[in-house]
Amino acid sequence: MAAKVSRRGFLKGSAVAGVSITVSSLPLSAAARLLETPPRPGADWLDSTGQPRYRLDALAKVTGAKTFSRDYRAQNLVDWPAEQSHAFMIHATKADRRFEGVDLSVLDEDLQPDRLVLHEDLVADGIAVPNPDFFGDVFLVPKGETPRLLGQPVALLIYHDFALYDEAKRRLHFEEGAVVYGEKTAYNPPPNYGASRYVRIAGERPEEEDRYSPLKDAVIYGSFQGDEVEWPAAGDKDAVARGMAAAAEIENEMEKAGEGTLLLERNYFSQSIDASAMEADNGNVWYDEKNGVLHLMMATQSPYHVAEVSAKLVAESRFALNSIDLKTGYTVGYGTKDHNIFPFFCVVAGLYGEGRPVRLANDRFEQFQTGLKRHPFWMENRMLVDRKTGKIRAMTGHSRTDGGGRANFSFSVSFVGATAAQSIYYLPKSDFSAKAFASRAVEAGSTRGYGTLQTMSATEMMIDEVAELLDMDAIELRRVNVFKSGMKNTQGAIPGGAMRNEEILDRAAAHPLWVNRHDRKRTFEAEHPGRRYGVGYAHTHKDYGTGAEAAVVSLEFDPEGRLYMRHVAHEMGPGVTTSQAVMAGEILGRVPDETEFAVTEWPQMPLETTDEPYTMSQEEEDRRKRNPRWTPRFTSPMSATNSVYYMGHAVREAARALRDFAFWPAARSLWSRGIGGGVLAPFAVHPEELRLAGGMVNAGGMPSLTFEQVAAEAHRMGLVTGVTVHTFNRWQWAEAEFDIPGHGPMRRPIDALAVKYGRQASEDLKQQMTAGGWHFVERANVSYPPIQRNNAGVTYYAPVATLAEVSVDTASGEVTLLNHHSIMECGRQIVPALVSGQLQGGLAMGIGHALMEYLPLYEDGPGNGTWNWNRYQLPRAKDVAAWSQTAEVLEPLSDSDPPKGIAEVVMIAIVPAIANAIAHATGKRFYELPITPEKIREALS
Amino acid sequence: MTRATKPMSLTVNDRQVGPVAVPEGLMMQDFLHEYLNLTGARMGCGQGICHACTVVVEEEDGTLAEMRTCIVGAHWFEGRRVRTIEGIAERDTDGAVTDLSPVQQAFIEHFSFQCGYCTPGFVIGATVLLDRLQREPVSREDLEEVITEALDKHICRCTGYIRYLEAVRDVALKTPGLVTS
Chain A
0 MAAKVSRRGF
10 LKGSAVAGVS
20 ITVSSLPLSA
30 AARLLETPPR
40 PGADWLDSTG
50 QPRYRLDALA
60 KVTGAKTFSR
70 DYRAQNLVDW
80 PAEQSHAFMI
90 HATKADRRFE
100 GVDLSVLDED
110 LQPDRLVLHE
120 DLVADGIAVP
130 NPDFFGDVFL
140 VPKGETPRLL
150 GQPVALLIYH
160 DFALYDEAKR
170 RLHFEEGAVV
180 YGEKTAYNPP
190 PNYGASRYVR
200 IAGERPEEED
210 RYSPLKDAVI
220 YGSFQGDEVE
230 WPAAGDKDAV
240 ARGMAAAAEI
250 ENEMEKAGEG
260 TLLLERNYFS
270 QSIDASAMEA
280 DNGNVWYDEK
290 NGVLHLMMAT
300 QSPYHVAEVS
310 AKLVAESRFA
320 LNSIDLKTGY
330 TVGYGTKDHN
340 IFPFFCVVAG
350 LYGEGRPVRL
360 ANDRFEQFQT
370 GLKRHPFWME
380 NRMLVDRKTG
390 KIRAMTGHSR
400 TDGGGRANFS
410 FSVSFVGATA
420 AQSIYYLPKS
430 DFSAKAFASR
440 AVEAGSTRGY
450 GTLQTMSATE
460 MMIDEVAELL
470 DMDAIELRRV
480 NVFKSGMKNT
490 QGAIPGGAMR
500 NEEILDRAAA
510 HPLWVNRHDR
520 KRTFEAEHPG
530 RRYGVGYAHT
540 HKDYGTGAEA
550 AVVSLEFDPE
560 GRLYMRHVAH
570 EMGPGVTTSQ
580 AVMAGEILGR
590 VPDETEFAVT
600 EWPQMPLETT
610 DEPYTMSQEE
620 EDRRKRNPRW
630 TPRFTSPMSA
640 TNSVYYMGHA
650 VREAARALRD
660 FAFWPAARSL
670 WSRGIGGGVL
680 APFAVHPEEL
690 RLAGGMVNAG
700 GMPSLTFEQV
710 AAEAHRMGLV
720 TGVTVHTFNR
730 WQWAEAEFDI
740 PGHGPMRRPI
750 DALAVKYGRQ
760 ASEDLKQQMT
770 AGGWHFVERA
780 NVSYPPIQRN
790 NAGVTYYAPV
800 ATLAEVSVDT
810 ASGEVTLLNH
820 HSIMECGRQI
830 VPALVSGQLQ
840 GGLAMGIGHA
850 LMEYLPLYED
860 GPGNGTWNWN
870 RYQLPRAKDV
880 AAWSQTAEVL
890 EPLSDSDPPK
900 GIAEVVMIAI
910 VPAIANAIAH
920 ATGKRFYELP
930 ITPEKIREAL
940 S
Chain B
0 MTRATKPMSL
10 TVNDRQVGPV
20 AVPEGLMMQD
30 FLHEYLNLTG
40 ARMGCGQGIC
50 HACTVVVEEE
60 DGTLAEMRTC
70 IVGAHWFEGR
80 RVRTIEGIAE
90 RDTDGAVTDL
100 SPVQQAFIEH
110 FSFQCGYCTP
120 GFVIGATVLL
130 DRLQREPVSR
140 EDLEEVITEA
150 LDKHICRCTG
160 YIRYLEAVRD
170 VALKTPGLVT
180 S
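Respectively, the protein sequence lines represent chains A and B. Counted from 1, the first sequence has number 935 at position 936 by numbering that gives the first Met the number 0; the numbering is strictly sequential. Counted from 1, the second sequence has number 27 at position 28 by numbering that gives the first Met the number 0; the numbering is strictly sequential.
Hints listed in this document are in silico derivations from the structure and should not be mistaken for laboratory results. Here the structure is a predicted model, which is why all the values come from computation and not from measurement. Just so you know, not all the hints are guaranteed correct.
[Unchecked claim] Now the in silico label distances, taken between C-beta atoms and shown as ranges:
| id | chain 1 | residue 1 | chain 2 | residue 2 | range |
| --- | --- | --- | --- | --- | --- |
| 1 | B | THR10 | A | LYS923 | 24 to 32 Å |
| 2 | B | THR10 | A | ASN290 | 53 to 61 Å |
| 3 | B | THR10 | A | PRO602 | 33 to 41 Å |
| 4 | B | ASP13 | A | GLY495 | 55 to 63 Å |
| 5 | A | VAL77 | B | LYS5 | 51 to 59 Å |
| 6 | A | SER883 | B | THR10 | 41 to 49 Å |
| 7 | A | ASP124 | B | ASN36 | 31 to 39 Å |
| 8 | B | THR174 | A | THR815 | 27 to 35 Å |
| 9 | B | GLU148 | A | ASN869 | 43 to 51 Å |
| 10 | B | LYS5 | A | LYS183 | 44 to 52 Å |
| 11 | A | ASN818 | B | ASP13 | 39 to 47 Å |
| 12 | B | ASP93 | A | SER895 | 42 to 50 Å |
| 13 | A | ASP505 | B | ASP93 | 40 to 48 Å |
We put the CB at the ideal spot given by N, CA and C, even for glycine.
Hey, can you work out the whole structure from these sequences and the hints?
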């Protein structure tokens, strides 16, 4: 494993020479047609406060239009053959026996598949798993070998008739005899995935230079000897050795800490869960052999990756390939459709479709059996606290996770968890390690929270117990230790912007749920014999982004003032399309008249990328960046809470550029008309006084102009009337200088720029518009954040705190969530209704994690194919305190606060808040999630 | 050779369908998806647990009932009048939506859904609930509980139910005759 790895950063780009790739979002045309009927985006889309009246995709979704990838059949896809074939897979449910073959004798002759595909067929046809270090070494279990993991497919069955497919699939469901096993063997998991360690010792004071930190020095990587991790030796020969010496120093201090300190040691467990996205994994693939085109309709959060890897898969096989045409519908996965293997099973199915499109769509049993899971974490934490002040002197946390039988992002999840374990506290000394193990379990991957829910929940339960042991108010103890602006995190990096956790603590401490908790406990328990009452608090903040965020956006207007936005992002549910359009409107004073998302054709951005943003050496990057057409990455998956801030940054920069290069000079021109410099001359009007709002252009008392008037003037003057930007962020933004004709060189937080000039621009300017009708303005003096910045782990945080009020039935052990209140800071909200919906949804998921959801890992777990929502309990409307829950959002510090990504953090604080509330209610602490009635009954018996 | 089929006729979204030869064991959900190209009733669990797949059955007395299509065979619907999510809004002759139902309008105004996969089920469930309240109004103080009870069987994973429930309460309160004071 390379030393420089970061979140979701293992995969190298795999562009295949000679294969063209097109990725597009299919529902747009259908949605656009629907949206053309009133109510539609435009003047009537926004209310008087500038807020959208509904999501851009609302009408399509509420009327049952085809929106999800799953909704599409071959007949719905333009230029595809109408005949649809259907496929399903048979899965191994034993991982300690050799696979000998399949027995389909339970199927009548007419129910036999039109095509049966086994591993040996794939070998014969040159089909291998691309990126085997990530996706595992085989698609289907080879004959004579023991499956790597439970639920691993052994055979693919393709039917040309739906009714026969349907009948055959039902017959084979739960039919154990269908898989023929041979002799018993040892388990056969792949090698373990990785071990990492983040050690930090601060200087004397938080603002001083660290004595040791990952950012300043090194992240430490361990190596596996079997199931044991060997860490490097301590010493002073290099940064890693010094890091191990620092870890030993912290250990020593903990061992020797005497009176006056509290050393709390606790072990925690967070369980494996299934994210249970309502849309199960699915794809539809048509291989057009004659033209060498692979057409895909795929449910994925990472379409570009799917297209690239599919190209590699097919190009290396016997199947000819000239181009890939990937379409996506809407989809939802909470991270589980990001870099999962399922799309490539769909590709394999398509290759054997005998010219017909093949649809492979999991039912819920199959989804439990094969879908990516949230990682179970076992955590051993120690916290050393000064008894008098409550200050944390040091904290260590050593976690291990079971990533199951395919590597996927397990290593990355493990260390992202480690880097989050500090929660909202400043730790002068810390040592967090993470070990990611392989096993026969269904693989875990990029599931909402990405390791941080597990580690932060543990820390938040721990701090609550420390407060109890020190007889301190739990919020006061947090205040004593809270992480403040400008402090360094456990990686030694200073997070960006203001950390406003203290304000949240103040609000929580004053909230009636907290203030009155002791009185209410007495009253409630007197009124409800047999029930105990408790209130718990927890407070977390979570990073957003991946450390390699790239986006591309264009904004342009025509002489009539119609505004067009084209965007690389696609919709996953949280409202990306809505919020990106609103963000453009905030700067330009009106939302785009037309929007296009999931755009893949960017002729105006002739960029080259190696797409190795995490693994490239500094030297190599320094060399490559001299090429003004090189960028570390072209675009990112839609995941990791990245849309509003990172994708939004590109929109905001494009809009600002249009404002500066078009609207200001054009408005000035109009105001300057006439003798003596017109209405402008007697006034001193500055660019910063320009106001674009409500479709009007104003500045410093000048007569109001309409957007259309100024747009027409910009075209008449031949100003910039279109802007395309490309952005890159490695925990800070890449910047570069651009020499825009008429404006001179200026520095912007983007790494590539193309502009379009107005209709009446000079011939000189027009001649420069050679990149798809745009002028690609070559950058100068680009600065990319240094590669070492990867070690920062994270620098963008958003916090959420939750107060949970519960009652516990002492006889049944049932927990009733009576109420909860959340406090969030997310910068400036773009669409508060979307933010609030995210919060409410995240809270519901957290409630499930805290109280209900649980999957065994192995033989009795989801790999056995018997799991569905009948036995896997999900939170329902009755479980979420639907009518009583409340929330508040801190006002932004100013109207220029950027929005912060909150899609993951919203679900975390509720988990430890509930655990702490149960501890308050029962007087017992629970260290293993979920806290089920059985565990409570046992503890209270 | 194909499996045994039986002719089947029904009315879907006011349109007469059939007689069409339908396999005896086919679930209604698959009939809608694969035979009628109506994919709005969504496959969630296939076990009747999540209610993403429901449709309205219009009874002869004019009342509405909610039916799961993933565990009910297509032939059960023989001769019945079925309304799927695609048939809830008003449409013109080209199929373009011209008017949303009150429940649909409330859901979009409340930003009730994110991914929208469960939305058809919630529209159907709420539509049937409101139909029931026409005949059996509830008192204002019972309203929230009645709504929670009626929609509790529907699973939503994105927005935590709140905005669905609040939207339905809005419609119930705005529609004369559903809530007694």
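Each hint, compared with the structure:
Between THR10/B and LYS923/A the Cβ separation comes to about 59 Å, which falls outside the hinted range of 24 to 32 Å. With their beta carbons about 43 Å apart, THR10/B and ASN290/A fall outside the hinted range of 53 to 61 Å. The hinted window of 33 to 41 Å between THR10/B and PRO602/A is violated, with their beta carbons roughly 51 Å apart. Checked against the hint of 55 to 63 Å, the pair ASP13/B and GLY495/A passes, with Cβ atoms roughly 57 Å apart.
For VAL77/A paired with LYS5/B, a C-beta distance near 34 Å fails the hint of 51 to 59 Å. For SER883/A and THR10/B, the hinted distance range of 41 to 49 Å is satisfied, since their beta carbons lie about 43 Å from each other. Separated by about 33 Å at the C-beta atoms, ASP124/A and ASN36/B satisfy the suggested range of 31 to 39 Å. Taking 27 to 35 Å as the suggested C-beta distance range, the pair THR174/B and THR815/A conforms, at roughly 32 Å.
Checked against the given bound of 43 to 51 Å, the beta carbons of GLU148/B and ASN869/A, roughly 20 Å apart, lie outside it. Remark: the range hint 44 to 52 Å for LYS5/B to LYS183/A is upheld by a beta-carbon distance near 47 Å. Between ASN818/A and ASP13/B the beta carbons are some 45 Å apart, a value that agrees with the proposed interval 39 to 47 Å. For the hinted restraint 42 to 50 Å between ASP93/B and SER895/A, the CB-CB distance of approximately 46 Å keeps it satisfied.
At roughly 58 Å, the beta-carbon separation of ASP505/A and ASP93/B lies outside the given 40 to 48 Å, and the hint is violated.
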